[in-house]
Amino acid sequence: DTGVSQDPRHKITKRGQNVTFRCDPISEHNRLYWYRQTLGQGPEFLTYFQNEAQLEKSRLLSDRFSAERPKGSFSTLEIQRTEQGDSAMYLCASSRQGNEKLFFGSGTQLSVL
Amino acid sequence: AQSVTQLGSHVSVSEGALVLLRCNYSSSVPPYLFWYVQYPNQGLQLLLKYTSAATLVKGINGFEAEFKKSETSFHLTKPSAHMSDAAEYFCAVMRVGAAGNKLTFGGGTRVLVKP
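So the sequence lines, in the order shown, correspond to chains A and B.
Each residue of the first sequence is one higher than the last, beginning at 633 in our numbering.
Each residue of the second sequence is one higher than the last, beginning at 1134 in our numbering.
Among the hints, erroneous ones may be present.
[Claimed, not checked] In silico SDA-like links for lysine to any residue, alpha-carbon gap of 20 Å or less:
#1 B:Lys1235 / A:Ser738
#2 B:Lys1182 / A:Gly730
#3 A:Lys733 / B:Glu1197
[Said to hold, decoys possible] Stretches of chain B that chain A covers, calculated by requiring three or more beta carbons in the stretch to come under 8 Å of a beta carbon on chain A:
#4 1173-1182
#5 1217-1229
#6 1239-1246
[Unchecked claim] On the chain B side, residues computed to face chain A include the following (Cβ under 8 Å):
#7 Tyr1158
#8 Gly1233
#9 Asn1234
#10 Lys1235
No lab work stands behind these hints: they were computed from the structure.
Glycine is no exception: its CB is placed at the ideal position from the N, C-alpha and C atoms.
Pulled out of the complex, with its shape left as it was, chain A reads as follows:
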C-alpha cells in the first residue's frame, strides 16, 4: 500500500493557460474522488469515479474543468483557460467499494498568476 499519489505537488501558471494534474489511487481501490480546497476552507467535492465511469460532478466543476479515468486506474484533472479563482489545493482520494474510508493524497497546490 503506497498510498494515493498526486503529481505535481505544486503548479504555478499564468492566467489563461491550461493545466493538468494526475492522481494515482491505491491500486485495489475502484473509487476515486477529486476535491478542491481553498485557503481557510474545508475541501469541496468536485467529482467522483467508480472504475472508469464518472458518476457525479459538482456544480463547482465548470465547463473549463474535465476529469478522466480512462482505464479505471489513474485519473487526470484538466483545467482549461485558468483563472485566478482556480488557485487552490486539488486533492484526490480513493476508496474501495463497500468501505467508507477515503484515503487522501497530499494534493496539488495550484497558483494562477
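On the provided structure of chain A, position chain B as indicated by the hints.
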C-alpha cells in the same frame, strides 16, 4: 442535503490541556461522521469515524468523539494536548450509497498548542 458546521475557526490550547473541537451536523438520514486532521502541506488523515455503532468513538493519537443524536453533534476531544497536535481539523459527514461515498466537510478548526 447534508452539512457540517464547525464552531470556531481557531482554537488555542496549552500543552497538557483538554482539546475540544465542536462539530454539528445536518442530515436527513442516519449519518456517517468523520474527523480528519491536516498538517501543513499535506493531505487529510483520518482520525476516527462513526458509522452507527458505538456512540463513543476512539481514534488515533488519543482523540475520541461522541455522537449525540439529540444534539446533532460529534465533538472531538483529547484529554491532554501535545505540541504535535497543532494542525487543522475537519469534521465531515458522508452520504453513503451506490452512487459513491461523498464527504461534505466543515470549514475546519486550526489548533494552536502553546508550550
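Now the hints, each set against the structure:
For the hint linking Lys1235 (chain B) to Ser738 (chain A), the alpha-carbon distance of about 19 Å falls within 20 Å, and the restraint holds. With a C-alpha separation of about 15 Å, the suggested pair Lys1182 (chain B) and Gly730 (chain A) falls inside the 20 Å cut-off, and the hint holds. Of the pairs offered as hints, the one joining Lys733 (chain A) and Glu1197 (chain B) holds, with about 17 Å between alpha carbons and a cut-off of 20 Å not exceeded. With 7 residues bearing a CB less than 8 Å from a CB of chain A, the region 1173-1182 of chain B meets the requirement of three and the coverage assertion stands.
Restraint check on the region 1217-1229 of chain B versus chain A: 4 residues with Cβ-Cβ distances below 8 Å, three needed, restraint holds. Counting residues of the region 1239-1246 of chain B whose C-beta lies closer than 8 Å to any C-beta of chain A gives 3; at least three are required, and the coverage claim holds. Checking Tyr1158 (chain B) against chain A: minimum C-beta separation of about 13 Å lies over 8 Å; hint violated. For Gly1233 (chain B), the suggested interface contact is upheld, since its CB lies about 5 Å from the closest CB of chain A, less than 8 Å.
Taken as an interface hint, Asn1234 (chain B) checks out: its beta carbon lies about 5 Å from the nearest beta carbon of chain A, inside 8 Å. At about 6 Å, the closest approach between the beta carbon of Lys1235 (chain B) and any beta carbon in chain A falls short of 8 Å, and the interface hint on this residue holds.
In this structure, the one hint that does not hold is number 7.
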